[in-house]
Amino acid sequence: MKKFISIILAVSIAISGLVLATKLLEPKYMSGILEGAMIEEYYDDPTDHNVVFIGDCELYENISPVYLWENFGINSYIRGSAQQLIWQSYYLAEDTLKREHPDVIVFNVLSMKYNEPQNEAYNRMSIDGMKWSLSKVNNIKTSMTEEEHFIDYVFPLLRYHSRWSDLNSEDFKYIFHRDKVSFNGYYMRVDVKPAEDVPEGKPLADYQFGDNAYTYLDKLTKLCKDNDVKLVLVKAPTLYPYWYDQWDKQIEDYAKANDLTYINFLNLQDEMGLDWSKDTYDGGLHLNLAGAEKMSEVFGEILSTDFAVPDRRGEESLEKYWDGVKTRYNTEIDRQNTNLKLYGTVHAPEEN
Amino acid sequence: MNELLEILSDLHPEVDFTTEKGLVTGGILDSFDIVSLISEINEEFDVTISAAELTPENFDSAETIYALIKTKLDDED
Amino acid sequence: MLFTSYAFLSFLLVVFIVYYLLPGRAQWSYLLLASYAFYYMCDPRYLIFIAITTVSTFFAAKVISDKKVAFDAWFKEHKKEYEKEERKALKSKEQSAEKKIFLACLLFNLGILAVTKYTNFTIANINSIISAFGSPSGISFVDLIIPMGISFYTFQSMGYLIDVYNGKFEAQKNLFKFALFVSFFPQLVQGPISRYADLSQTLFEEHRFNWRTVSFGLERILWGFFKKLVIADRILVAVKAIIASPDTYNGFYAFAGAMFYALELYADFTGGIDITIGVAETMGIKVTENFRRPYFSKNIKEYWNRWHITMGTWFTDYIFYPISASQFMMKLSKKSRVRLGNNLGKRVPVYLSSFIVWFTTGIWHGASWNFIVWGLGNFVVIMISQELEPFYRWFHSKVKVEGTFGWKLFRVVRTVLIMSSLRMFDCYRNVPLTFKMFGSIFSQSSLSQLNAEAFIGMGITGYDYAVVFVGMLVLVAVSLIQRSGSVRGKIAAKAAPVRFIIWYGLFMATVVFGAYGIGYSASQFIYNQF
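Residue numbers (numbering that gives the first Met the number 0), protein chains in the order written: chain D, 0 to 351; chain F, 0 to 76; chain H, 0 to 529.
One should not assume that every hint holds.
Below, simulated DSBU-like cross-link-like pairs (lysine-lysine); rule was C-alpha separation at most 35 Å, straight line [as the list claims (entries may be wrong)]:
| no. | chain 1 | residue 1 | chain 2 | residue 2 |
| --- | --- | --- | --- | --- |
| 1 | H | LYS172 | F | LYS71 |
| 2 | H | LYS399 | H | LYS300 |
| 3 | D | LYS248 | D | LYS229 |
| 4 | H | LYS489 | D | LYS1 |
| 5 | H | LYS300 | F | LYS20 |
Simulated from the structure, these hints should not be mistaken for laboratory data.
Please model the complete structure; the sequences and the hints are all you need to start from.
Here's what the structure looks like:
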């Protein structure tokens, strides 16, 4: 009996030590690269969204769910991550549909241009935050680059152990909890860096999207059909990376063939009133808050009228939830504006 | 036997070869010593010891070495 | 397949579990299967090579052994019917028949080794001779595969063949058992070169699960991983940086590089052997030790008795002894004594044999002049220290330092310095460059080179150096403790909480501070291609 107890004790100490080390050494993404924390945040919030946006930075930096709520009563969430590849979007959609049943899923089509796994760091940021499920397992398998191993996802310590020499106070502070970094998935920037001389796209040898990308677009289409969710394909209005006409044509054809709506916001720039000297923070790659709110205005209108997404303002629990998000939203706007005035950048010096 | 002990003492004056039982296993004789030894034995006793016979068992003490030489000598007849 | 890969670890786990689930009778056959599977996973083409060596050696040894047994039996019975001279003739006739088979098999297998490993080296040398005569065209290189571990398993098989030929033991009767001896997977990657007489004692036996053996094996594996991942792979980055830019990193840096490499090679090679021995131990199989704290050696000769021991004894038993005990050498010995006097004359054959051994050792390490010069460098150092023996005797009779700690330390430092200097041949691109870099240690070292920033610039951080340094202290401490007996035995005698702390600490240190995974490119075992 004594031996049994000591074995149990030894095993539990050993496991707790490993868990602790993992928690400590995992990147926290609480400052600097906030994108890594966004996928995980979704799970803390109430589900029951009417619209879920799934995709890369062209969604999570260009659409403001807070704006959609305030002006249209649309209860929405962006499951976005940096360089989210189409199969990652698909598995996130799978994951989402296990938890809730939105009316509309919006997918940004820029990631169609990637047919193969790209980058380990982005993989980790897109996948690490997911809760374990078959969707996550498949997501990992599909996303891994050659240098990666599945086991590194199961035991993140194997991946992040080398961070021991980079540990800072943030790692200790956030060892067991995280702060919210996004606003229902929206990554906010208030600063401005005008878009000047945006280069034309270089001619490509082949404009055809890859088979793998199409496979997952098919799967996404089917998943939405099977679950009775409307799938909306969009292309964000941002100028760069360049969106080729040949690509646009393929998506248009695909939408037609599959009876989907495809909205290319590049064509709606005038309607949105986008001003590239004011509405972007990085010279046309992403919109800033002003730009995102302009896009949200137009997109909100489309969602409400064309897709009959209900106005849920007045629902008590939702009002309460959104009040909380709005408060954080406004605090963040103030914080960034103050920093901008003081330091000329939205980041406080200690963040760098 | 005395001739053998003389040869051995020439190699390692500091060792008492009449009693020492671990010449090879104890690291007293290294491979250089063993090769010198067999060429001395070849000179002295006119017996040829082959490489296969250069084992720790055969060279661990003066006695075993002498025994090896004797079997070789007997073999010659 | 690298020892430090997830693939190897999962392979190991499966092999281990199934091994103890199987009935004891089936264990060795299963190990053979696992070994061939291991080789197959590395590269299927390797299997052909190892199978050829296995089958040819097995049958040659068996024929020799059967002939021997039959002859001995016959001879015993009929001995009395013959005169002495006739008996001798009969014996030598038998011997020469055996010798033919023996030599055919030996040359065939060494031929395979030579062709796979040395063809391109030979072509390169021929080409440089051709071009020296002004002809611009040369022979083009051939694209040959070098089967992993070919030097190790060829030597292991040839050792067996020679032993059987010499009548040390009878040949193995079961082809598959012999195949396991040749291909036993833990030692396929980088040795040790086991002797049949040793390994066969535990290799084919039935092994029941025994916690003590298994836990000792696991501890040994973990220790190997610690050495390899925490120390070797971390400092390797700096070693590579120094070697890659000899113009920048000369003088003191070249010296530092040689010292780093001494540490890297030790940790990597002994760590790999720890893993090999540990893996075998978890399955109840005893593989010969290959290192005995070599850096504590008092001279280079002793160092070679303690570093890569199985290779050293292989060369001694199968090359040095046969050459120096040969008729030719005996005659040479006699002649040189007459010509050069007794004292010097008797050393001539020893040195000649030694020269051949070190030349072979050098070329065995790698098909390049660097290794040949390295091997001969060892020869020169050993010869000099041999010749200086009278001087040392005189010195010690005058100066009473022998036995003091200072003198012992001096010898250890001397060993490390000499070995590290010689190993520079292992590092630099070619022989002249190595000499140049070695020279630069004396001509270009300056105090200004002693700055931390330059060392950080070698691609590893101050933290990395700290880890390596602490790891090295652990290594030294363990070596010191080991002098008075098995470290694992000592740990096993401690109370459970202490054992837990030691091994969990080592495990966590390896997991956290190991240089593995994304961002660290896993390095091959240095001895992999031998």
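Tested hints:
Under the criterion of a C-alpha separation no larger than 35 Å, the hint pairing LYS172(H) with LYS71(F) is consistent with the structure, at around 31 Å. Proximity of LYS399(H) to LYS300(H) is assessed by CA-CA distance (about 23 Å); at most 35 Å being required, the pair is judged to hold. A hinted pair counts as satisfied when its Cα atoms are at most 35 Å apart, and LYS248(D) with LYS229(D) qualifies at roughly 21 Å. Under the criterion of a C-alpha separation no larger than 35 Å, the hint pairing LYS489(H) with LYS1(D) is consistent with the structure, at around 23 Å.
Taken as a hint, the LYS300(H) and LYS20(F) pair is honoured in the structure, with Cα atoms around 22 Å apart against an allowance of 35 Å.
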